[in-house]
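Fit chains B, C, D and E to the given chain A structure using the hints.
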Amino acid sequence: MSYFQEFWKGIWKENPVLVLMLGMCPTLAVSSSAKNALGMGLATTFVLVGSNMVISMVRKVVPDKVRIPCYIVIIAVFVTIVEMLMAAYAPAELNRTLGIYIPLIVVNCIVLGRAEAFASKNGVIASGLDGLGMGFGFTLALMALGAVREFLAEGTLFELQVIPGWEPFMLMKLPPGAFIVLGFFLAGMNLLKIRQARREGKKYTPPEIDCSRCNICNR
Amino acid sequence: MAEHMSENTIRLPDTSKLVISSSPHLHEDDSVRRIMFMVIVALLPACAAGAWFFGPRALWVLLVCVASCIASEILCTRLMGREVHVDDGSAALTGLLLGMNLPVTAPTWMCVIGSVIAIVLGKMIYGGLGYNPFNPALVGRVALLLACPTAMTTWVAPMTNHLEWAGVNSVTQATPLGVSELTAGALPFSYWNLFWGRTGGCIGETCVPALLLGGIFLIALNIIRWQVPVFYLATVALITGVTHWLAQAQCAPPLYHLLSGGLMLGAFFMATDMVTTPLSRKGAVVFAIGCGVLTSVIRIWGSYPEGVSFSILIMNSLTPLIDRWTAGKPFGTPRRAPREVKP
Amino acid sequence: MIKQLHFYGGIHPAEDKVAQSVPIVEPPILETYIVPLQQHIGAPAKAVVAKGDQVKRGQLLGEAQGFVSAPVHAPTSGVIREVTTCLGPSGAQVPALLLASDGEDTPAEPMPAIDWRQAPPGDLRQRIAAAGIVGKGGAAFPTVVKLSPPPNKKIDTLILNGVECEPCLTADHRLMLERAEDIVTGAQITAHILGAKTILLGIENNKPDAIEVMRQAVGDSGIKVCSLKVRYPQGAEKQLIYAVTGRKVPSGGLPADIGCLVQNVGTAAAIADAVCRGKPLYERVTTVTGTPLVSPGNWRFRVGTTYADAIKLAGGVKEDPIKIISGGPMMGMAVYSLDIPVIKSTSGILLLSQDELTQFDVRPCIRCGRCNDSCPTGMMPGILSVQIENQRYELAEKWHVMDCIECGCCAYTCPASRPLVQHMRRAKAEVQAARRAAKAKAEK
Amino acid sequence: MISEYATLIVGAILVNNFVLSRILGICPFLGVSKQLSTALGMGGAVIFVMTLSGFATALFHHLILVPLGLGYLQTIVFILVIAALVQIVEVLMQRFTPPLYRALGIFLPLITTNCAVLGSAIMCADGGYGIIKSTVFCSASAVGFALALVLFASVREKLELARIPEPLQGPSIALLTAATLAMAFSGFAGLGG
Amino acid sequence: MTTVILLTVTGLVSGLAIGIVVKFFGTTPNPLEEKLLELVPGANCGGCGFAGCEGYAKAMADGSAKPGACPLMNDAVVQEICALLGVESEPRKPMVAVVCCSGDDDHAQRMAFYNGVNDCQNAMLVAGGGKGCVYGCLGLGSCARACPYGAIEIRPNHIAVVHPELCVGCGKCVLACPRRLIKLTPKSAPVHVFCSSPERGALKRKFCSAACIGCRKCVKEAGENQVSMNGSLAVINYDNPPDAAVAAACPTGALRTTAIMESTKG
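Residue numbers (our numbering), protein chains in the order written: chain A, 1 to 219; chain B, 220 to 562; chain C, 563 to 1006; chain D, 1007 to 1199; chain E, 1200 to 1465.
Excised from the complex, chain A in its bound form (with noise of 0.2 Å):
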């Protein structure tokens, strides 16, 4: 596989939100605007390369017994330099929204298991776009997510009128908004998939949801 290929496969193929619906809880926590979403999406990104490079590189020297505990340290640790690097530098009202939930990268489980499932059996440099590409995809995810949800809810995107006199419709902003959003994304998908898979003659049963997709517990 080439290394375009590499990074391409984690904004569609392999989208981690879409199609191995990895990290829901960032993904419908911080998605209510398209900034907030871009903001969270990146942050994810950097921990994702870092995090799979390093990981990439130490993959020979960690027992394979206790590589999780390292895996989740290394995260940590990437996770505490976006913490201080977004307190530093993102506007003050980006870093109140996403509270929370910029800790919490640590438990996201496209991060572990993509260092899990690919950076703990590939070189460096694959480690590297396959986050890159899975960060992006989740971005893009995302930020499909958040511009859906602010534009249903306000009638804007980045915070820019696009519909001039949109009456405000805030259950879009509200968690409920965002389960409502990605289950429709998601029913898209599988519409996609059925459609696919009824050209080619085959079966095609939507996937569930179980822990199954993120290997942690599967040690």
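In case anyone wonders, no lab produced these hints; they're calculated from the structure. Hints may contain errors.
Distance condition first, Cα-Cα at most 20 Å in a straight line; then the derived PhoX-like pairs of lysine-lysine [stated by the list, open to error]:
| id | chain 1 | residue 1 | chain 2 | residue 2 |
| --- | --- | --- | --- | --- |
| 1 | C | Lys960 | D | Lys1139 |
| 2 | C | Lys990 | B | Lys548 |
| 3 | E | Lys1234 | A | Lys121 |
Here are some chain A residues the structure puts well away from chain D; computed CB gaps all over 10 Å [as the list claims (entries may be wrong)]:
| id | residue |
| --- | --- |
| 4 | Val62 |
| 5 | Leu94 |
| 6 | Ala144 |
| 7 | Ile180 |
From the three backbone atoms N, C-alpha and C, an ideal C-beta is built for every residue, glycine too.
Below, chains B, C, D and E alone, put in the same frame as chain A:
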């Protein structure tokens, strides 16, 4: 008689058009459509009262809700590629209930959006009538309440002069429950006004006699169970009564609670919705008591003045469990299961 | 006046008992009879006659094979024209004998009469088995099996079932009016065999004349006639026991577990015939009714009379029926052929006209709970039916589908016209198959 | 004092329900709610672990991190504490209460990465809660999580038999149902406040 | 400095705890089983008789199942598994399901309109489904719903037809058919007897114009060791199947090739 007839005049049945089906071969003459129709009929007095108190725009709101519910159900079933069963009247009933739960000032776009949410999110995503775990009309109403809190809680005073049917009365007024929280102690509405529905509120919830009439009609037809409204209202009365007795300043008397807000509409028409409430009578009682507790808690201590919709939705989610816990042991099951005897 | 007894749940469909005032008619001897060798639950009888054999009325045609089985006797005298198969009411082909009557109706040598008061129970049981008596209520369970409870289960109460709760059917009603003495004798014989102290006779109070006649026939024999409130399915075993004694048969158990035995009045009369007159069971009273018929009534049909002959005797039809039902409208089976013979358990032949047809326009369950209210066993048919639709038979088992008695109350009341009884039957079959498979696996 | 704790508890269970309002712990919420029995097991395990971890992390926070001025290390330390705690609990449970381990054991590894656990610990630290308050808050939050899980498992019991359109099957319908449940829970707003 | 110490200490403590757990309670997965799990097809059709592919892999690992039992594996995979397990591979015959009935609505008589649950097993409970031939296909699709591969089509005139190119021979339909009409046959056999009624020929004729009437013409054509008679029903010896030409001898079309069946595809 048979003896007098010669063999060739006796006609034997033609077996080529026979139908075979499972027993029983007799059925009661009732249908889903008739049940839905009867519920709609039972709601009409309250709708009429709403139109009388809040003016002709109330009818427009109801009409828009009913029409857009029916339209979105047809659209959804078409999209899903299933048989359209809109003739069973359940979509119309959802629309009517939703309309009755909206203030008369609700803009038309809100009525349409609420109806679409009610039908799509409340019913069709689960496969249509019979499979929805939540009451669709309440899903629509609560979604609107969260989405447009101001528009959903702007109430107009009921009309006093019915000669001026020209436009909507623009005098805003708080609902009895909203007021009672503000001016604790002194009751802002007389019981008489509360009873007849001469207060602010949603279109269909204020006129108690009309709702009672419809409810009793449905109980008489055995369409709803008397246990649900009785236990629901009794629980609310009990809890608000005790709270009122303990802290008069914070809680209005029980009768005030019973007569105000959407309690009557909820108890007779929402908590009795067949699809989303427990199947057995015992379960229905548990359900009603749960609704009563949650309603009282939200009304007395919550920041929403009204808790009927929320409490019914939450109890809806518990319905399968209530069903399971109250599933009657079959006839003859011993009280304590006998110890397994190995053969 | 005894207090009005009844059970939980149930329904009250229109009774439509048009033939209740028509006395039982003895039909003329027909040209041919198709005598199935399986007229009961259990193994089919084995033919002891061959093609071309001359037989007399009451002569043994097939002998019982095993314990749960019953012999079959010739309905009239004539020649066995063929050993063949015929269509049974369940839609399966069953082995049968084609008997061409000679019109003489010559009786075979009857079995000797027994003085039952002196006879030991064993002899009486043997006679009942030899006479081929099966339960005439509909299930056709060999009576002798029922009369031989395991030794650890003492039966103290015999309950006679004169309820006839199925709409339209009047055969038992007429039988009680016309053969009250035989019913009493049959009941006493049964009680004698079992050593039962109490005999109760349950009759619904829509048959006041039968109650009156039976009270007179009972005299001072100690049998108690109980008048029951009209409610379907009062005639179901467990419900009847509860209605007259207040005892509950345990879920999954048998009446013998609580010391009861239920017997149909028709079976009692047949026992009296077999013991006191030595006559085997080859005829039964059947109601032929329905709006398409010219003259509905009750006939004492010989076993093997085809439905076509039965309908001919009832004067044929005025209009074509849309359904022909073997049994009553609530639990009877729809059939599609007139070549099906009347067997020992055929309690009625019912014809439904076009406008009585209830087409299944099946809608999703709206959980109105009527099935739940009407279910006499206290199950939740609505929930079960949705589970069964999803083929979740293991769930259905957990929700007690095996307690279903298939009375049809749920489907009768269902406003969404769901085929609930069919669902339950399917689930019961599946659960039984699964249990058998599990048992076979455990044994392996 | 009592009313303060009452407000804290009611707020954590109903008003700011971890799953339905704060959107934490969605993965186990969607994954382990297929059956009531597993939902109850997971709920029990989460209550147990979160109470313990709330206490332990608060202890670390107040006795080590704050005095040493190392507040910025809370993420690393908390996750390590929680991971170790879960492991130790697993070991101890297996050794001393095998029946409890059999009932809850399979859920324990899931909890390490349940963001509700870490989230509640960080919330306590950020909110400046004392040790007792932290423990109470964490256990109340866990009860809220368990409550949402049980309610959702109940609804799913019905969904399992529904005729859900094909594209909506799976996580999609679960999310949409959670949306309605979240709407219903928003009725508790202001309770106890 | 404190940072470093603190992290080291916490790391040590947690590392120690985890180490203890791994040491005392860790389980080593069966490597053979994991390898097998990668090789099995993962369709979970149940054709091997085990609960899904995982169950099959486990059973193979402990020697209670044979590699050839899976209908989906191609020979290369089977041989690979055999090599893994160290057993001899057995030659396999690819099987295909055949619905042994020709009684669609054009040929077989329907005695009554069935009104009820649209499923063969349910229809069987109502007077046997109302088909004149009590052995015939009811055409309500129990088998088609049971098929995990969508290989069974229910024609508009109510008969089930197997598409051999989709069928893998897992045998689920065989169990689903309440009339036991579906047989697993070798894929190489060109002709089949599309009738399952053991009745007398005359009775079969009464209800179905495409039934095997027991005329023995096929037996004369192909010889006893290829086609034999069981009462009035022709039976093909699948160990020595006759070639396609024998189908021409059948007067009713009950004995025919699958190709003919294909060409009449609705």
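Here is what the structure says about each hint:
Simply put, C/Lys960 and D/Lys1139 have alpha-carbon atoms about 44 Å apart, too far for the 20 Å limit, and the pair is violated. With a C-alpha separation of about 18 Å, the suggested pairing of C/Lys990 with B/Lys548 holds against the 20 Å cut-off. Only pairs whose Cα atoms come within 20 Å are accepted, and E/Lys1234 paired with A/Lys121 is accepted, the gap being roughly 18 Å. Every C-beta of chain D lies more than 10 Å from that of A/Val62, the closest at about 15 Å, which supports listing it as non-interface.
A cut-off of 10 Å between C-beta atoms confirms that A/Leu94 is not in contact with chain D; the least separation is 17 Å. Even its closest Cβ contact with chain D, about 15 Å, leaves A/Ala144 beyond 10 Å, as expected for a residue assigned away from the interface. Distance to chain D contradicts A/Ile180 as a non-interface residue, since its nearest Cβ pair spans about 5 Å, not more than 10 Å.
In summary, the numbered hints that this structure violates are 1 and 7.
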